[in-house]
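*Asks:* Chains as they are written, first to last, in my numbering: chain C, 1 to 137; chain P, 138 to 523.
Where hints are given, some of them may not hold.
[Unchecked claim] Straight-line alpha carbon distances no greater than 30 Å define the calculated DSS-like cross-link-like pairs of lysine-lysine that follow: (1) P:Lys-150 <-> P:Lys-456; (2) P:Lys-295 <-> C:Lys-103; (3) P:Lys-295 <-> C:Lys-117; (4) P:Lys-454 <-> P:Lys-368; (5) P:Lys-150 <-> P:Lys-179; (6) P:Lys-368 <-> P:Lys-179.
Just so you know, the hints here were simulated from the structure itself, not pulled from any lab data.
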Amino acid sequence: MSIRSEGYLPRITAFSKPFWEGLKENLFLTTQCQDCQGVAFPPRSLCPECFSDRYAWTKLSGQATLYSFAKHEIVPRAYIKEAPYVTAMVDLREGPRILCRIKNAAYEDLIPGILLKIGFGKLDEEVAIFYFEPETK
Amino acid sequence: MKRVAVIGVGCVKIDAYPDRPEHELLSAALKMAIDDCGVTKKDIDGMLIVDRAYNEQGMFENWYPSAYLKLETRICGKLLSGGASPGFALSHARYALSCGDVRVMIVAAINRETHVSTADHMMFAGRTFDRDYEVVHGVTITGVNGAMLTQRYIYEHKVPHEHIAMVAVRNRENASLNPLARYRQPPLTVEEVLASRVIAHPIHLLECASRDDGAAVVILASEDAARGFRKSPVWIKGWGEYHDAASYISNDLTRLPALGRAVQIACQRAGIISRDIQFGEFYAPFAVMEVIALDEMGFRPRGQGAQLVAEGFTHRKGKFPMNVSGGLTSRGHPTYATELYNVVGVIQQLRGEAGELQLPGVTIGVATGAHSGANGHTVHIFERGD
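Throw the hints in and build the complete structure from the sequences for me.
*Replies:* Shown next, in the form of structure tokens:
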């Protein structure tokens with residue numbers, strides 16, 4: 001992941017800090033509701049299933065299935081140096097369908113349904129980020 | 138509850154107007170709408186405004202337009218809900234009119250964005266997605282709402298991309314006959330659409346709506362005030378909106394569930410079924426969205442929308458003429474005003490004022506709008522008659 005000099009670093013809050021600190025240690029964390037056990041992603045302090053605010057941080061497997069994807073040629077100003085790149089909607093093994101970057105794969109080799117695993121990189125010196133890549137390259 | 142009618146419409150040609158400020162575009166569209174119906178200034182007792190955040194003039198929600206127009210009103214304000222803003226404003230105006238709070242209201246939508254570069258616009262528009270967990274990956278509206286949707290639709294329903302591209306071909310053919318459209322030439326072929334520059338694989342420039350400026354005004358009146366103007370009233374027969382709990386995340390990318398629900402609700406209010414609707418102007422910034430909108434209308438089993446397009450079902454000589462005014466890909470897409478242009482397109486047809494695009498004998502039409510990840514839709518069904 002290239003160093004991003006302008007625009008769109010995440011805003012790391014007191015609540016979300018465990019997630020972003022986890023990425024630095026190659027951990028993919030999110031919140032799980034302690035009342036209905038629902039797993040949310042992105043992490044949330046209020047359960048979107050039952051509106052309980054009793055949550056705990058839990059480790060995700062980092063395994064996912066590709067749902068859909070796009071290879072970006074025309075991109076926002078902050079990402080021009082990174083283009084072209086592939087983003088995707090993937091289904092985490094734990095349920096949530098999320099948006100992410102796909103790396104280490106040719107666009108032509110991607111097809112919905114293939115298995116993916118998580119990888120970790122950096123947005124800048126301070127901020128780590130996750131991406132997904134094919135399980136078998 | 139009183140019935141509510143559209144009594145006047147006006148809009149500027151969709152184009153790039155980087156040097157025409159908000160109030161000038163508003164004035165031009167308003168003058169056309171007033172001349173269209175013959176309403177006088179003292180008749181108007183409410184105004185709702187839609188504009189977008191790129192406005193260089195602040196306080197455009199009520200103070201500036203009402204002061205500029207010297208218009209005293211009982212209701213005045215700005216309503217914003219992305220591309221569904223005009224529908225949202227229409228809904229609130231209709232409600233106020235039907236209750237008797239006001240008698241004649243202006244709904245005005247102004248969209249200026251071509252003075253902002255596309256790279257900067259994408260920085261802003263990209264924040265439609267989660268600012269901290271999604272935007273950081275470089276996702277874009279075109280990437281998700283256009284490309285990922287097309288990718289998944291083709292994969293799941295095994296449809297040829299050519300059939301989706303035919304939406305853009307038909308839109309251009311219609312736009313060529315619409316003086317309000319920005320992209321009237323040249324005529325397109327499927328091959329040209331699929332050979333145009335890739336924006337986000339697998340979709341191409343000509344499958345996407347463009348970035349445009351525009352302003353449209355619709356004048357509404359309650360039943361007791363709607364008659365006696367220059368044109369016969371066109372009635373709001375049904376209305377509905379629905380909002381999913383997600384901007385595509387955890388949603389089925391091959392569907393627009395909120396559109397289906399909103400159409401259903403509007404039809405129930407109108408006392409009709411969706412097949413009674415004879416034509417429609419749909420909010421579809423990407424060709425594939427028109428295909429999915431057809432699925433949501435329920436003409437055939439889900440997944441056959443592209444086949445319907447290929448068969449000419451949505452052509453203006455087909456069974457369900459769709460986006461006869463040229464659609465977002467060729468009429469143009471001044472985002473926050475687009476839904477009001479859809480309404481104008483429907484009203485022109487129902488009045489028999491659509492010129493070379495006129496559909497014979499139509500009496501019921503639908504106009505839609507959608508916001509953010511298309512997770513919310515607004516639907517209005519219009520009918521001509523007494």
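*Asks:* Now tell me, hint by hint, if it's right for this structure.
*Replies:* Against the structure, the hints come out as follows:
1. P:Lys-150 <-> P:Lys-456: 28 Å, holds
2. P:Lys-295 <-> C:Lys-103: Cα-Cα ~26 Å, so holds.
3. P:Lys-295 <-> C:Lys-117: 27 Å, holds
4. P:Lys-454 <-> P:Lys-368: The given pair, whose Cα atoms are some 26 Å apart, holds under the 30 Å limit.
5. P:Lys-150 <-> P:Lys-179: Within the cut-off at roughly 28 Å; holds.
6. P:Lys-368 <-> P:Lys-179: 19 Å, holds
Comparing the model with each numbered hint stated earlier shows that all of them hold.
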